[in-house]
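2 protein chains.
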Amino acid sequence: MSLLVVGTVAFDAIETPFGKTDKIIGGAATYASLAASYFTQNINMVSVVGDDFPAETIQQFNDHGIHTDGLQVKKGEKSFFWAGKYHNDMNTRDTLATELNVLMTFDPVIPQSYQDCTFLMLGNLMPAIQMQVIERLHNRPKLVVLDTMNFWMETAMDDLMKVIKMTDVLTINDAEARQLSGEYSLVKAAQKILKMGPKYLIIKKGEHGALLFNSEQVFFAPALPLEEVFDPTGAGDTFAGGFIGYLARTKDISFENMKRGIIFGSAMASFCVEKFGTERIMNLEQDEVDERVQEFVDLVQFDITLV
Amino acid sequence: MSLLVVGTVAFDAIETPFGKTDKIIGGAATYASLAASYFTQNINMVSVVGDDFPAETIQQFNDHGIHTDGLQVKKGEKSFFWAGKYHNDMNTRDTLATELNVLMTFDPVIPQSYQDCTFLMLGNLMPAIQMQVIERLHNRPKLVVLDTMNFWMETAMDDLMKVIKMTDVLTINDAEARQLSGEYSLVKAAQKILKMGPKYLIIKKGEHGALLFNSEQVFFAPALPLEEVFDPTGAGDTFAGGFIGYLARTKDISFENMKRGIIFGSAMASFCVEKFGTERIMNLEQDEVDERVQEFVDLVQFDITLV
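Those protein sequences? They're chains S and H, same order as listed. Counted from 1, the first sequence has number 1686 at position 297 by the working numbering; the numbering is strictly sequential. Counted from 1, the second sequence has number 1482 at position 93 by the working numbering; the numbering is strictly sequential.
In case anyone wonders, no lab produced these hints; they're calculated from the structure. Treat the hints with care, as some may be off.
When chains are identical, the list treats them as one kind, so a pair holds in a single copy or across two.
To be verified - With a cut-off of at most 25 Å between alpha-carbon atoms, the simulated DSS-like pairs for lysine-lysine come out as follows:
1) K1577 with K1594
2) K1648 with K1554
3) K1594 with K1554
4) K1581 with K1664
5) K1648 with K1594
6) K1577 with K1409
7) K1577 with K1474
8) K1664 with K1577
9) K1664 with K1551
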């Protein structure tokens, strides 16, 4: 029983209305693995970095119970780098630089020790690589969660549709759900997307929360109203990592348990945005996680008895 | 024990991506009174119309248990008229026409039979008129709910601040909360606004739900994800009417009960947007209201036991 997390491990340079960073640690697999590590222990990472990537960070992954046998370190090459600047509303951003570097030739290797994978988190990556990972696993995982983005809808739609068909839970944001379905109404968009293959769809709406759909039910979890959103980078990956980490811990993939997973994922995301990069989710205490989840309970719970 | 609703009773002409209306019935007091009528019976309306306003509509108000002794009908004058066009996202709109007509000289009269007012809903109007209504009541109501808009922040800020100070619950949208407080973060905005006088603040976020704040607590209610939002006109007033109508029925103004009020208000607003104008909320069955509230329960309820 293990959780496999596949995605980028990278450098980011981030500018927000609150400040600016030099190159800091980022990447979808980084955020997702760290978030999952607060819920489950047997986490395996598949990714690629250059030899510019700090060994101390890999050690920090290991300290969080994240195995890095599948994290390839390419000699003489550079890690993936992304630079972006958020607008004042913190909901939109401009990409200032994207240097693919090692990602250009990424060929995911699944170590033998990873083959007991029961939960698979496919972070945002080229759809063809996401598909390769599924194909290279000897047994199909119990649950495959796929994250993707608008860029692949524009440049690799055929591959994307194939890999979406192979997944159980698709996570995208509201604009991407509209783009993928051609429907403005998120309810109609969800109905269309669920017909493309996935049994569950999570639509992430950033500060406006997240929706979970299956063909018959819908659940909504708000984002926690925060005094300050400092840096939204990685919030979606952190959400997904908390979600699948909770499912992996409880081994229950019912709709009811996915609701709880979404609350735990939202709690992790609410930490993520409080500081730059991975700073906040690198060093959380279990008590803090529990308190934050309780804040979500308090935020939405009400008691109505209909006569 | 009665609920007094003050606000416009008017004609609207509405254009949305789904269609266009001629002059139809609108106005804040119209929507709020109708919504409240599904929860409480002793509703008194204060407003003004011209003699172009249909007697059948006034009869419909009465049929909903809404008393219209305080609805002045001005001979030879025309009712307030607003025309607007919604953009494709349905969240923004252009005003095409505003004809104040009878509103220009509106002097609110409180009939003696209305003086037992315990719940007061002040719909969006000139702040000076909202204040006059409070002053013309012999006893201060148990709860005063005030709705306002950005226009008064720009043109009548002094009067607005005075009337805000006299209210218990202020309802505004997210952009207005930011404008009134000068804070982007809604949490910080709420803290500042609560220092201006009101004990409770409701921030309406349209399709993204509503937040209820007091100085120590926060509660969030989502909007129901709908297949189609047909016409958002009046949704905020309908929400407020459902909210105060529920409080008037239960006579309980605790934070816990306000949470329930917000759920009932949100349920009423979700009906409002399904058709043009007042069409949907003019003819609801109690069963439909109960079913809709149950949908809200199903949408957000989850069960987490923290160990």
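Verification of the supplied hints:
1. K1577 with K1594: both (16 Å within a copy, 21 Å between copies)
2. K1648 with K1554: Within one copy, since 22 Å is at most 25 Å while 41 Å is not.
3. K1594 with K1554: within (23 Å within a copy, 35 Å between copies)
4. K1581 with K1664: Classified as between; 24 Å across copies, 36 Å inside a copy.
5. K1648 with K1594: Result: close both inside a copy and across copies, 16 Å intra and 23 Å inter.
6. K1577 with K1409: Close across copies (23 Å), not inside one copy (39 Å); limit 25 Å.
7. K1577 with K1474: Between copies only: 24 Å across chains, 32 Å inside a chain, cut-off 25 Å.
8. K1664 with K1577: Between copies, since 18 Å is at most 25 Å while 36 Å is not.
9. K1664 with K1551: Answer is neither: 36 Å inside a copy and 39 Å across each miss the 25 Å cutoff.
When held up to the earlier numbered hints, the structure conflicts with hint 9 and nothing else.
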